[in-house]
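Undergrad: Chain A is fixed; fit chain B onto it per the hints.
Keeping their order, the protein sequence lines are chains A and B.
Residues 26 to 178 in the working numbering are what the first sequence spells out, letter by letter.
Residues 2 to 155 in the working numbering are what the second sequence spells out, letter by letter.
Calculated from the structure, these hints are not laboratory results.
Just so you know, not all the hints are guaranteed correct.
[Unchecked claim] Quick list of simulated restraints, FRET-style, between CB atoms: (1) B/Ser-137 <-> A/Leu-93: 25 to 33 angstroms; (2) A/Asp-30 <-> B/Asp-74: 43 to 51 angstroms; (3) B/Arg-50 <-> A/Val-73: 39 to 47 angstroms.
[Stated by the list, open to error] These stretches of chain B come out as covered by chain A in the derived footprint (C-beta under 8 angstroms, 3 or more residues): (4) 45 to 57; (5) 69 to 78.
[Said to hold, decoys possible] Computed, partial: chain A to chain B, Cβ under 10 angstroms: (6) Phe-74; (7) Trp-82; (8) Lys-120.
From the three backbone atoms N, C-alpha and C, an ideal C-beta is built for every residue, glycine too.
For reference, the chains in residue letters:
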Amino acid sequence: MNLDDYFAIGVTTDLGSHKFEPEEIKVFARKYDPQPFHTDEIAARDSVFGGLCASGWHTTAVWMKRNLATGMDGRWTGPGPKPEFGPSPGFKNLKWLKPVYAGETIRFTRACLGHRPLASRPGWRVLAIRAEAFDSTGDKVIEFENAVLVKTG
Amino acid sequence: MTARKWAFEDFIEGATLDLGSKHVTAEEIVEFASEFDAQPMHLSEEGGRQSILGGLSASGWHTCAMFMRLLCDAILLDSTSQGAPGIEQVKWKKPVLAGDTLTGRSTVLGKRLSKSRPGLGFVSMRAELFNQRGKSVFELENVGMFLSREAVPS
Numbered sequence: 026m027n028l029d030d031y032f033a034i035g036v037t038t039d040l041g042s043h044k045f046e047p048e049e050i051k052v053f054a055r056k057y058d059p060q061p062f063h064t065d066e067i068a069a070r071d072s073v074f075g076g077l078c079a080s081g082w083h084t085t086a087v088w089m090k091r092n093l094a095t096g097m098d099g100r101w102t103g104p105g106p107k108p109e110f111g112p113s114p115g116f117k118n119l120k121w122l123k124p125v126y127a128g129e130t131i132r133f134t135r136a137c138l139g140h141r142p143l144a145s146r147p148g149w150r151v152l153a154i155r156a157e158a159f160d161s162t163g164d165k166v167i168e169f170e171n172a173v174l175v176k177t178g
Numbered sequence: 002m003t004a005r006k007w008a009f010e011d012f013i014e015g016a017t018l019d020l021g022s023k024h025v026t027a028e029e030i031v032e033f034a035s036e037f038d039a040q041p042m043h044l045s046e047e048g049g050r051q052s053i054l055g056g057l058s059a060s061g062w063h064t065c066a067m068f069m070r071l072l073c074d075a076i077l078l079d080s081t082s083q084g085a086p087g088i089e090q091v092k093w094k095k096p097v098l099a100g101d102t103l104t105g106r107s108t109v110l111g112k113r114l115s116k117s118r119p120g121l122g123f124v125s126m127r128a129e130l131f132n133q134r135g136k137s138v139f140e141l142e143n144v145g146m147f148l149s150r151e152a153v154p155s
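Just chain A, with the same shape it has in the complex (with noise of 0.2 angstroms):
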């Protein structure tokens, strides 16, 4: 095993769904994105969006709870210690490509791109991952290019 067979490169994952409750969709956005669209129905029906939907950071945060959920945790056979997931250094071209709707459920993925020496830290690596979201409809709602330092050496 080398470390491609461990992330999977290339492979999409699905992460599972999450149904984003109406309550839950306001409980995040009176803490973190008090926009009206995001907190009350009434406001949110004569909004840009005419509904209620989540804050697209909420979206991203569900991303990351199913994310950990379907660890990269499987047997290590390859050379060397297990690789070990560190923090991440940020994300880039996240796209919010439309509403969370309350109510709906969204279906996540993730597909590791590949990974590459980091320079700055001898034994670590960085992981580039493609995150991905859809509704019910099949159609994507979110999608970002996110990274992650994995320990390697």
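TA: Coordinates of chain B only, in the frame set by chain A:
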């Protein structure tokens, strides 16, 4: 016309906007992480110390959420915002540790009116969060959509 403070016209290229401050408690770091990002460095001081972050530190997604709240309170809630299509990039540059105080700043990089939707404009910004030692811990670039003052129905 709108009485709101921030419409498309009010964003001036090159201007720097103050987003205010936010004290980050251990309790809220653990609360957010327990729900969304339950990794040891976000759940306890001990777990944080054993990681390369050096102490209990906020999930990067929590930092995004805290940034969003600052942006809402400073600008968006008193604006003609029509949402945002996405985020060009976010850099989690340094750990956000329990007890830190974050201060936000956003610079208007450019703006343009929509060709297809009259009265709608795009404002591109680069925002940063600094900790109490003046170190930049978070950077975000994105484009927000705002109506012009005249385009808002009264």
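Undergrad: Would you mind marking each hint as holding or not holding in the structure?
TA: Structure-based check of all given hints:
Against the hinted window of 25 to 33 angstroms, the Cβ-Cβ separation of B/Ser-137 and A/Leu-93 comes to about 27 angstroms, which satisfies the hint. Against the hinted window of 43 to 51 angstroms, the Cβ-Cβ separation of A/Asp-30 and B/Asp-74 comes to about 47 angstroms, which satisfies the hint. In this structure the supplied range 39 to 47 angstroms holds for B/Arg-50 paired with A/Val-73, their Cβ-Cβ distance being about 45 angstroms. For a cut-off of 8 angstroms, the count of residues in the stretch 45 to 57 of chain B with a CB near a CB of chain A stands at 3, and the three-residue condition holds.
Note: the stretch 69 to 78 of chain B has 5 residues with beta-carbon separation from chain A under 8 angstroms; the three-residue rule is met and the coverage holds. For A/Phe-74, the suggested interface contact is upheld, since its CB lies about 7 angstroms from the closest CB of chain B, less than 10 angstroms. At its closest, the beta carbon of A/Trp-82 sits 5 angstroms from a beta carbon of chain B; the interface hint therefore holds under the 10 angstroms criterion. Taking 10 angstroms as the C-beta cut-off, the interface hint given for A/Lys-120 holds, the closest approach to chain B being about 4 angstroms.
The structure shown violates none of the earlier numbered hints.
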